[in-house]
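Build the full structure now, drawing on both the sequences and the hints.
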Amino acid sequence: MPLTTEEIIQILKLIDESPFDELHLESGDFKLTVGKGGGRITSPSRQPTTPEPSRPVVTQEPLVARSSAGKYPQVQVPTQAEKPKAGLFDSTPYEKDGLLPVKAPTLGIFYRSPKPGAPPFAEVGKRVEDNDTVCLIEVMKLFNAVKAGVKGRIVKICAENNQMVEYNQILFLIKPESRTGELSTP
Amino acid sequence: MKNISRVLIANRGEIAVRIIRACKSLGIETVAVVSEADRESLPAKMADRSVCVGPPRALDSYLNINLLITAALGTHSDALHPGYGFLAEQPELAEVCGKNNIQFIGPSPQNIREMGNKLWARRIAKDSGVPTIPGSEKVRDVQEATRIGEKIGFPVILKAVAGGGGRGMKIAHHPDDLRATFDTLSAEVQSAFGDGTLYLEKYIPNARHIEVQILGDHYGNIIHLSERDCSLQRRHQKILEEAPSTVLSPQLREKICHAAVAIAKSIRYQSAGTIEFVFDQDRREFYFLEMNTRIQVEHPVTEQITGVDLVQEQMHIANQEPLRYAQKDIHLKGHAIECRINAESPNNGFFPTPGRIEQWTFLENVDVRMDSHCFPGYIIPPYYDSLIAKVIAKGKDRSQAIERMQYFLENFIVSGVETTIPFHQRLLKHPDFLQGRVNTRWLEEVVLPTLRSDHE
Chain A
1 MPLTTEEIIQ ILKLIDESPF DELHLESGDF KLTVGKGGGR ITSPSRQPTT PEPSRPVVTQ
61 EPLVARSSAG KYPQVQVPTQ AEKPKAGLFD STPYEKDGLL PVKAPTLGIF YRSPKPGAPP
121 FAEVGKRVED NDTVCLIEVM KLFNAVKAGV KGRIVKICAE NNQMVEYNQI LFLIKPESRT
181 GELSTP
Chain B
1 MKNISRVLIA NRGEIAVRII RACKSLGIET VAVVSEADRE SLPAKMADRS VCVGPPRALD
61 SYLNINLLIT AALGTHSDAL HPGYGFLAEQ PELAEVCGKN NIQFIGPSPQ NIREMGNKLW
121 ARRIAKDSGV PTIPGSEKVR DVQEATRIGE KIGFPVILKA VAGGGGRGMK IAHHPDDLRA
181 TFDTLSAEVQ SAFGDGTLYL EKYIPNARHI EVQILGDHYG NIIHLSERDC SLQRRHQKIL
241 EEAPSTVLSP QLREKICHAA VAIAKSIRYQ SAGTIEFVFD QDRREFYFLE MNTRIQVEHP
301 VTEQITGVDL VQEQMHIANQ EPLRYAQKDI HLKGHAIECR INAESPNNGF FPTPGRIEQW
361 TFLENVDVRM DSHCFPGYII PPYYDSLIAK VIAKGKDRSQ AIERMQYFLE NFIVSGVETT
421 IPFHQRLLKH PDFLQGRVNT RWLEEVVLPT LRSDHE
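Top line first, the protein sequences correspond to chains A and B. The working numbering puts the first residue of the first sequence at 1, with every later residue one more than the last. The working numbering puts the first residue of the second sequence at 1, with every later residue one more than the last.
Source of the hints: derived by calculation from the structure; they are not laboratory data. On a predicted model such as this, the values are computed, not experimentally measured, just so you know. All C-beta atoms in this analysis are idealised placements derived from N, C-alpha and C, irrespective of residue type, glycine included. There's no promise every hint is true.
Stated by the list, open to error - Ranges of calculated distance between the beta carbons of each label pair, as one might list FRET restraints: (1) B/131 to A/163: 51 to 57 Å; (2) A/141 to B/25: 35 to 41 Å; (3) A/163 to B/445: 54 to 60 Å; (4) B/379 to A/10: 38 to 44 Å; (5) A/145 to B/444: 38 to 44 Å; (6) B/345 to A/144: 37 to 43 Å; (7) A/147 to B/376: 39 to 45 Å; (8) B/179 to A/92: 36 to 42 Å; (9) B/324 to A/163: 37 to 43 Å; (10) B/397 to A/144: 57 to 63 Å; (11) A/138 to B/445: 29 to 35 Å.
Structure below.
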């Protein structure tokens, strides 16, 4: 179910005016997730100094491909129409919103936890120090710890656990914490 | 195909495009490996998917086996095509592919290893009854080299056991030359190939470079697709190739092709490969030089006169199919010539000219094929080799092929970067070339000096 730009804009308007924070839409291969802000909307009284982005954030998840190969029907590999979008690599649109990306230092398998079943290094909303490990990337049994690189709050996780990420792909978006401690712990 | 449904292409440039084209013809999905510098390249656009494996430097991307295997596994590719150059002749890549259940589209690691060591390769040729150039085994030091040089007679050529493809060699005309070059060459090849071992061969001054295309399957079947003549070289790098060779009589052609088949049979070679020979024009005898265990840059020359798609055949072979052609099915038709067009400045010592291609236009023509990854607006990155196009012209005979090549190059307009097109146009008009009076030294000794004096 491919959507036209007009239809997407309509959906954005609807959710913007609605009391809901998130919308998940799935139809066949098509999956659309729309959310307001970078997580839960917090009340101004609790975090008076945190300005919330006024625009809704749209992410179009990688689609599940129907493999023409037939050999691996369960495999989720983007094909022709669903090549990784520029949004996976180009962080300038996010930087305009004051967000900093954590990028993959190498191609490899992305792991959110130190081992299977363990709690993830980082969740959306978690505050991290620049030296905190936020994920692991495995290349042929070699595990590379990826650091946050900046002090702030995790706003978005952009990669799927246990899936391959490419070199320089955006893994996390972090809202940096200003030096004056603008973003205080609730 | 039964065993291959998605191929990871561990290469870039025109050969990546070539492999994607072969896969598409066979209904196989493609995943293009790209470095950061190649993210907007034609293979990235043409493949079903592209995967960025690393930064521009080849060591951190195209030459990193772990990254390539992770990319193949992560995209659920069931086969990997190495192209030429990069890791194509590293037995480790073929081996690691095997361990990870990824079909390597090429020969067995054993085949690559046997032919990668040039002294082993010489022994295999000898044992198959194929003449090798008079020479030595491993040479320990300059004294030993001098002694052997005097025995076989100067000039000699000092070569790296781990070398090949025209790299890691020095010609010595006198014992003094050996003294001057032995230690530096040994150190050079030690750092380039990880093995500083050298050996000696007699240097044949009036030689042609003639190579025979081979196809072998997993069932011991080997056929040849006749020869290519690649005698026009600069610094041991081929510039122009053609088939058939003008210097082989039908009897010699038969003999050299049989020799190639004998060598390939003796190692049960699997895939497309090339056996290279030096042809001594004075004595009219050929000698085994080396074997390239991969698809070669100049493979289209053979495709254009045999009608066999060598890259597709590589896929069929990797898919465990028996050869689809018997020797009697291979017929040569006409003549084909390939010009390798590089982004280089012929009047400036062939210095590379990376940059943005502004205009890129040519006249489509059924008799001329172009293999290229370039397009108007493409930026040739400075990190890799300078090959930007291969133009292959065919005709009913050699003179028609040359005419068609000349016509094509006249109308092949490239601006934004300097290319070797004008240099090829000059070559194609040279009386020595037209009359076939060339050898492997001709281009450097006869053509290049005129180029420089013209410029000065």
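**Prompt:** If you check each hint against the structure, which ones fail?
**Reply:** Violated hints (numbers, rising): 5, 8, 11; every other hint is consistent with the structure.
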